[in-house]
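Colleague: As they're listed, the protein sequences go chains A and B.
Each number in this note's numbering comes from the position in the first sequence (counting from 1) with 1 added on.
Each number in this note's numbering comes from the position in the second sequence (counting from 1) with 59 added on.
Watch out, some of these pointers could steer you wrong.
[To be verified] EDC-like, lysine to aspartate or glutamate: derived pairs with alpha carbons at most 20 Å apart:
{"id": "1", "chain 1": "A", "residue 1": "K161", "chain 2": "A", "residue 2": "E171"}
{"id": "2", "chain 1": "A", "residue 1": "K18", "chain 2": "B", "residue 2": "E84"}
{"id": "3", "chain 1": "A", "residue 1": "K10", "chain 2": "B", "residue 2": "E98"}
{"id": "4", "chain 1": "A", "residue 1": "K14", "chain 2": "B", "residue 2": "D94"}
{"id": "5", "chain 1": "A", "residue 1": "K52", "chain 2": "A", "residue 2": "D13"}
{"id": "6", "chain 1": "A", "residue 1": "K18", "chain 2": "B", "residue 2": "E95"}
{"id": "7", "chain 1": "B", "residue 1": "K185", "chain 2": "B", "residue 2": "E195"}
{"id": "8", "chain 1": "A", "residue 1": "K52", "chain 2": "B", "residue 2": "E98"}
{"id": "9", "chain 1": "A", "residue 1": "K26", "chain 2": "B", "residue 2": "D94"}
{"id": "10", "chain 1": "B", "residue 1": "K72", "chain 2": "A", "residue 2": "D104"}
{"id": "11", "chain 1": "A", "residue 1": "K73", "chain 2": "B", "residue 2": "E67"}
{"id": "12", "chain 1": "A", "residue 1": "K10", "chain 2": "B", "residue 2": "E95"}
{"id": "13", "chain 1": "A", "residue 1": "K26", "chain 2": "B", "residue 2": "E75"}
{"id": "14", "chain 1": "A", "residue 1": "K88", "chain 2": "A", "residue 2": "D125"}
{"id": "15", "chain 1": "A", "residue 1": "K52", "chain 2": "B", "residue 2": "E95"}
{"id": "16", "chain 1": "A", "residue 1": "K37", "chain 2": "B", "residue 2": "E84"}
{"id": "17", "chain 1": "A", "residue 1": "K73", "chain 2": "B", "residue 2": "E75"}
{"id": "18", "chain 1": "A", "residue 1": "K18", "chain 2": "B", "residue 2": "E98"}
{"id": "19", "chain 1": "A", "residue 1": "K65", "chain 2": "B", "residue 2": "E75"}
{"id": "20", "chain 1": "A", "residue 1": "K18", "chain 2": "B", "residue 2": "D94"}
{"id": "21", "chain 1": "B", "residue 1": "K72", "chain 2": "A", "residue 2": "D66"}
{"id": "22", "chain 1": "B", "residue 1": "K72", "chain 2": "A", "residue 2": "E115"}
{"id": "23", "chain 1": "A", "residue 1": "K14", "chain 2": "B", "residue 2": "E98"}
{"id": "24", "chain 1": "B", "residue 1": "K72", "chain 2": "A", "residue 2": "E105"}
{"id": "25", "chain 1": "A", "residue 1": "K37", "chain 2": "A", "residue 2": "E86"}
{"id": "26", "chain 1": "A", "residue 1": "K26", "chain 2": "A", "residue 2": "D38"}
{"id": "27", "chain 1": "A", "residue 1": "K26", "chain 2": "B", "residue 2": "E84"}
{"id": "28", "chain 1": "A", "residue 1": "K10", "chain 2": "B", "residue 2": "D94"}
{"id": "29", "chain 1": "A", "residue 1": "K161", "chain 2": "B", "residue 2": "E67"}
{"id": "30", "chain 1": "A", "residue 1": "K52", "chain 2": "B", "residue 2": "D94"}
{"id": "31", "chain 1": "A", "residue 1": "K14", "chain 2": "B", "residue 2": "E95"}
{"id": "32", "chain 1": "A", "residue 1": "K156", "chain 2": "B", "residue 2": "E67"}
Note that these hints are calculated values from the structure, not bench results.
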Amino acid sequence: MDDIIAACKTGDKSAQKQLFATYAKGMLLLCRRYVKDAHSAEELMMNGFYKFFSTIERFRYAGKDSVGAWMKRIMVNECLMFLRESKSIRLMSEEQAAEHVLDETVFTSMSAQEIVQLINQLPDGYRTVFNLFVIEGYSHKEIAALLRVSEGTSKSQLNKAKQTLQKVLEQKRLGYER
Amino acid sequence: MNDNRAEETIRRKVREHESTGGLLEGQAALWAALDERLEQKPVPSRRPFFISLAAASVVFLLVLGFYLYPARKTGRVPETATIKPEAGRLPAELGVQQESGVQQEESTTTASPAAQQRIAVRRLKKAKIATQEQKESEREKPDDPAAAYAGLYAMPQIAGAEEQLDQYPLCSQIL
Chain A
2 MDDIIAACKT GDKSAQKQLF ATYAKGMLLL CRRYVKDAHS AEELMMNGFY KFFSTIERFR
62 YAGKDSVGAW MKRIMVNECL MFLRESKSIR LMSEEQAAEH VLDETVFTSM SAQEIVQLIN
122 QLPDGYRTVF NLFVIEGYSH KEIAALLRVS EGTSKSQLNK AKQTLQKVLE QKRLGYER
Chain B
60 MNDNRAEETI RRKVREHEST GGLLEGQAAL WAALDERLEQ KPVPSRRPFF ISLAAASVVF
120 LLVLGFYLYP ARKTGRVPET ATIKPEAGRL PAELGVQQES GVQQEESTTT ASPAAQQRIA
180 VRRLKKAKIA TQEQKESERE KPDDPAAAYA GLYAMPQIAG AEEQLDQYPL CSQIL
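Build out the structure end to end from the sequences listed, making use of the hints.
Modeller: Structure (structure tokens):
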């Protein structure tokens with residue numbers, strides 16, 4: 002991977018193509034988690050790759066994971082920018098509910114695709130905070146800075162997201178039982 | 060960090076799902092589009108600089124041409140030129156003392172060339188008048204004060220005047 006990155010830095014087309022082929026699918030799935038519209042998600046993924054290759058001179062290779070991590074960061078930023086511009090996320094501080102804990106056993110039995118489908122049912126604001134905290138692993142402080150909200154808002158949005166997920170799961174379970 | 064086990068499970072599963080490589084639908088077309096965009100990338104970053112540099116040079120030369128051409132052709136200084144107040148020099152050359160107030164008021168470099176020219180003409184006229192007056196006063200005033208006095212108070216020689224004076228003894232005494 003180090004060689005590919007070094008070649009990309011010199012503008013090698015085949016290296017760029019190889020990198021694109023390796024990460025394109027995963028990055029598109031990531032964008033789809035934030036932006037429901039398939040066309041917009043594809044556009045954001047392309048913008049992310051363009052930025053990645055345009056700024057690759059600044060990237061310092063620190064193992065294979067560093068490439069994916071940096072690329073993900075770019076993609077997440079692209080998605081957040083898109084959501085901010087389209088004003089689809091309006092995060093308001095909601096009453097701080099008691100910390101909600103999700104039932105692990107339900108998720109263990111679910112496939113990744115099912116989980117993603119479940120997350121996609123959340124409203125934009127809840128989904129964004131849930132994605133950033135649970136899947137990307139950002140702290141509430143980082144989320145607050147990224148979304149320009151308070152840490153309290155980020156926490157309350159996450160709790161609301163978890164509550165909503167639990168409700169959806171219960172409705173599904175009831176549906177199966179009937 | 061998040062220690063919730065359900066969250067850990069979600070994170071692991073989703074990340075695994077997204078890190079699984081594979082061919083994306085329409086990947087070749089997407090790559091072609093991206094490649095085209097990347098090809099165009101260095102051009103817009105450099106071209107405007109050279110274009111703007113060339114455009115700036117052309118504009119500069121044009122302005123310089125327009126600036127210098129009228130001056131060369133007519134011998135006049137273009138309106139945009141900064142003119143030193145030559146008007147202020149003229150009276151001094153002619154040996155006329157200049158009023159300080161006038162100099163302060165008129166020797167401004169911000170006046171338009173036409174105004175400068177008018178000022179110069181006015182000063183020249185003033186200087187000429189002053190010189191003329193000076194010459195006239197010099198002509199009227201002789202060098203010898205005694206002669207001047209004699210000339211000034213000389214009585215006209217009238218025939219038979221003395222005889223007439225004799226008729227008035229008081230006047231004779233006074234004279």
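Colleague: With reference to the structure, classify each hint as holding or not holding.
Modeller: Outcome of the hint check:
1. Taking the CA atoms of K161/A and E171/A, the gap is about 15 Å. The hint holds against a cut of 20 Å.
2. Restraint check: the Cα-Cα separation between K18/A and E84/B comes to about 15 Å, which is no more than 20 Å; the hinted pair holds.
3. Between the alpha carbons of K10/A and E98/B the distance comes to roughly 14 Å, so the proposed pair stays at or under 20 Å and holds.
4. The suggested pairing of K14/A with D94/B holds, with an alpha-carbon distance near 8 Å, which does not exceed 20 Å.
5. Simply put, K52/A and D13/A have alpha-carbon atoms about 16 Å apart, close enough for the 20 Å limit, and the pair holds.
6. Pair hint K18/A plus E95/B holds up; C-alpha atoms about 12 Å apart against a cutoff of 20 Å.
7. For a cut-off of 20 Å, the pair hint linking K185/B to E195/B stands: about 15 Å separates their Cα positions.
8. Of the supplied pair hints, the one linking K52/A and E98/B holds, its CA atoms being roughly 13 Å apart against a limit of 20 Å.
9. The hinted pair formed by K26/A and D94/B meets the criterion: a straight-line CA distance of about 17 Å does not exceed 20 Å.
10. The straight-line distance between the Cα atoms of K72/B and D104/A is roughly 15 Å, inside the 20 Å bound, and the hint therefore holds.
11. Proposed proximity of K73/A and E67/B is supported: the alpha carbons are some 19 Å apart, at most 20 Å.
12. At most 20 Å may separate the alpha-carbon atoms for a hinted pair to count; K10/A and E95/B meet this at roughly 17 Å.
13. This hinted pair checks out: K26/A and E75/B have alpha carbons roughly 12 Å apart, not beyond 20 Å.
14. For the proposed pair K88/A and D125/A, the alpha carbon gap of about 10 Å is at most 20 Å, so the pair holds.
15. Note on K52/A and E95/B: the hinted pairing holds, with a Cα-Cα distance of about 14 Å set against a maximum of 20 Å.
16. Restraint check for K37/A and E84/B: the C-alpha separation of about 17 Å stays at or below 20 Å, so the hint holds.
17. Restraint check for K73/A and E75/B: the C-alpha separation of about 14 Å stays at or below 20 Å, so the hint holds.
18. For the given pair, K18/A sits about 13 Å from E98/B by alpha-carbon distance, which is consistent with the 20 Å threshold.
19. In summary, the hint linking K65/A to E75/B is supported, as the alpha carbons are separated by about 15 Å, within the 20 Å threshold.
20. A distance of roughly 8 Å separates the Cα atoms of K18/A and D94/B; the hinted pair therefore holds under the 20 Å criterion.
21. This hinted pair checks out: K72/B and D66/A have alpha carbons roughly 17 Å apart, not beyond 20 Å.
22. For the proposed pair K72/B and E115/A, the alpha carbon gap of about 10 Å is at most 20 Å, so the pair holds.
23. Simply put, K14/A and E98/B have alpha-carbon atoms about 10 Å apart, close enough for the 20 Å limit, and the pair holds.
24. Restraint check for K72/B and E105/A: the C-alpha separation of about 12 Å stays at or below 20 Å, so the hint holds.
25. Note on K37/A and E86/A: the hinted pairing holds, with a Cα-Cα distance of about 15 Å set against a maximum of 20 Å.
26. For the proposed pair K26/A and D38/A, the alpha carbon gap of about 16 Å is at most 20 Å, so the pair holds.
27. Between the alpha carbons of K26/A and E84/B the distance comes to roughly 9 Å, so the proposed pair stays at or under 20 Å and holds.
28. Distance hint between K10/A and D94/B is fulfilled; the C-alpha atoms sit about 15 Å from each other, no more than 20 Å.
29. Taking the CA atoms of K161/A and E67/B, the gap is about 18 Å. The hint holds against a cut of 20 Å.
30. For the hint linking K52/A to D94/B, the alpha-carbon distance of about 12 Å falls within 20 Å, and the restraint holds.
31. About 11 Å separates the Cα atoms of K14/A and E95/B, which keeps this hinted pair within 20 Å; it holds.
32. Taking the CA atoms of K156/A and E67/B, the gap is near 17 Å; set against the 20 Å cutoff, the hint holds.
Violated hints for the displayed structure: none, as all numbered hints are satisfied.
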